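2 protein chains.
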Amino acid sequence: MPRPDAETIICTVDVVLLTLRQDQLHVVLLKRDREPFRNALALPGGYVHIDTDQSASDAAARVLLEKTGIVSPYLEQLASFTGPGRDPRGWSVSIAYYALVPESILPAQDEGIHVVPVNRLPSLPFDHKSIVEHALDRVRSKSLYSSLPVYLCGESFTLPQLQAVYESVLGEPINKVSFRRKVDELGMLEAIEGEMQSGRANRPAQLYRLRREFRHSLSMLDRGLNSRMS
Amino acid sequence: MPRPDAETIICTVDVVLLTLRQDQLHVVLLKRDREPFRNALALPGGYVHIDTDQSASDAAARVLLEKTGIVSPYLEQLASFTGPGRDPRGWSVSIAYYALVPESILPAQDEGIHVVPVNRLPSLPFDHKSIVEHALDRVRSKSLYSSLPVYLCGESFTLPQLQAVYESVLGEPINKVSFRRKVDELGMLEAIEGEMQSGRANRPAQLYRLRREFRHSLSMLDRGLNSRMS
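Quick mapping for you: the protein sequence lines, in order, are chains E and S. If you count the first sequence from 1, you need to add 416 to reach our numbering. If you count the second sequence from 1, you need to add 416 to reach our numbering.
You may find that some hints are simply not true.
If several chains are the same, the list does not tell them apart, and a pair holds so long as it fits within one copy or across any two.
Unchecked claim - SDA-like cross-link-like pairs, simulated, lysine to any residue; straight-line CA separation at most 25 angstroms:
hint, residue 1, residue 2
1, Lys447, Asn535
2, Lys545, Glu601
3, Lys545, Met636
4, Lys545, Lys598
5, Lys545, Gln470
6, Lys545, Ile466
7, Lys483, Leu637
8, Lys545, Gly610
9, Lys447, Glu601
10, Lys545, Thr574
11, Lys558, Lys592
12, Lys592, Gly528
13, Lys447, Ala621
14, Lys592, Pro620
Think of the hints as simulated: they come from the structure by calculation, not from any bench. None of the values given here were measured: they were computed from a predicted structure.
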């Protein structure tokens, strides 16, 4: 049967792994250990392995685990980046994914993981810069109406800490009352009974965690007409 | 250099082409002229041609033109659908796109184009049903805050006609005052001077068209914090 060209397209996955460090979004880059662009910093990526991967999403999770040791509870397809010019090896398709993790689960820098602020990216091979920018757009717009930024938090956090995380992602301050109302609407959190954060000047703050049903999928605000068009 | 498996992945594009007929969203299906699934109705699709296509988006536009004769002013990547089981020929990647066009530009049904209501889809080969459902979700959520549904209109339309188009896409009535305010915010329309729609019982209505800068790209509502979180 005819399969023109199918055999000459390179099919890879790339992962934009984001974290917060010092209140700034950072992206994880790895030094490439082979050509092309050997020794350049680049997104974690690799070929789809048809013998073992049941989907591109499987491939992305496998690549992330193999290259960084990380299993991200949330890994979403971003978009596919394609064409004859993006990879010197030939016409290529990269199916890009993004993930958000707390800084605490990253391995140490000296294990080859480079954690770079997204607003001071070095020059990157392939079209990785464009992939990162695309991911940042997606994360910022999605954070406006979902629980997405919670994946940047550790297991437990106070509401002021969570608000600071949202503000870091969005790059601007948020009104506290509105934020609390939206968090209630999202219904994503549960108070951890008896757990308070203390040791600060002000009174102890309640600690929260993500409810079980949202640990691998987002809570979304109602995007119905009532919220946008009326 | 190692390119494990790369040569055995099938790389195609599929297009979800949507239109409005009798106030209902419809999708364009074609009868497949070859195996697998010869004679089944399916989304317009085909292989990426690395000799001529500069991107998957190019491939989607080419396939759409070759198979339906249509050039859509708006064609956006939806997502990639992947895995060993979706295509009997082997491990495959379909990069799916969606487009919205006015019914008036569709060729006649007897030219092999089948225009099917999205809520009465026949059984479809591959994972095309899931691709269509994914496209509908995207179109509906994007229509809440953008000019997207305007691509379903002809060149000129009245505001009540445009509101009816939004309502058909969203599947629910919209408050007229809110709708007019959102349309103003989107800033996507210009009145066609001297053009009024008459012949109705009520007074003649102003005709509008899409402003030039939005004919190939969306106008988006401000999704900043002011609109969502404060």
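Structure-based check of all given hints:
no.: 1; hint: Lys447 with Asn535; verdict: within (19 angstroms within a copy, 49 angstroms between copies)
no.: 2; hint: Lys545 with Glu601; verdict: neither (35 angstroms within a copy, 32 angstroms between copies)
no.: 3; hint: Lys545 with Met636; verdict: between (28 angstroms within a copy, 24 angstroms between copies)
no.: 4; hint: Lys545 with Lys598; verdict: neither (32 angstroms within a copy, 34 angstroms between copies)
no.: 5; hint: Lys545 with Gln470; verdict: between (28 angstroms within a copy, 19 angstroms between copies)
no.: 6; hint: Lys545 with Ile466; verdict: between (27 angstroms within a copy, 24 angstroms between copies)
no.: 7; hint: Lys483 with Leu637; verdict: neither (34 angstroms within a copy, 39 angstroms between copies)
no.: 8; hint: Lys545 with Gly610; verdict: neither (45 angstroms within a copy, 48 angstroms between copies)
no.: 9; hint: Lys447 with Glu601; verdict: neither (42 angstroms within a copy, 46 angstroms between copies)
no.: 10; hint: Lys545 with Thr574; verdict: neither (34 angstroms within a copy, 43 angstroms between copies)
no.: 11; hint: Lys558 with Lys592; verdict: within (19 angstroms within a copy, 28 angstroms between copies)
no.: 12; hint: Lys592 with Gly528; verdict: neither (39 angstroms within a copy, 57 angstroms between copies)
no.: 13; hint: Lys447 with Ala621; verdict: neither (41 angstroms within a copy, 63 angstroms between copies)
no.: 14; hint: Lys592 with Pro620; verdict: within (18 angstroms within a copy, 48 angstroms between copies)
The structure is inconsistent with the numbered hints 2, 4, 7, 8, 9, 10, 12 and 13, although it conforms to all the rest.
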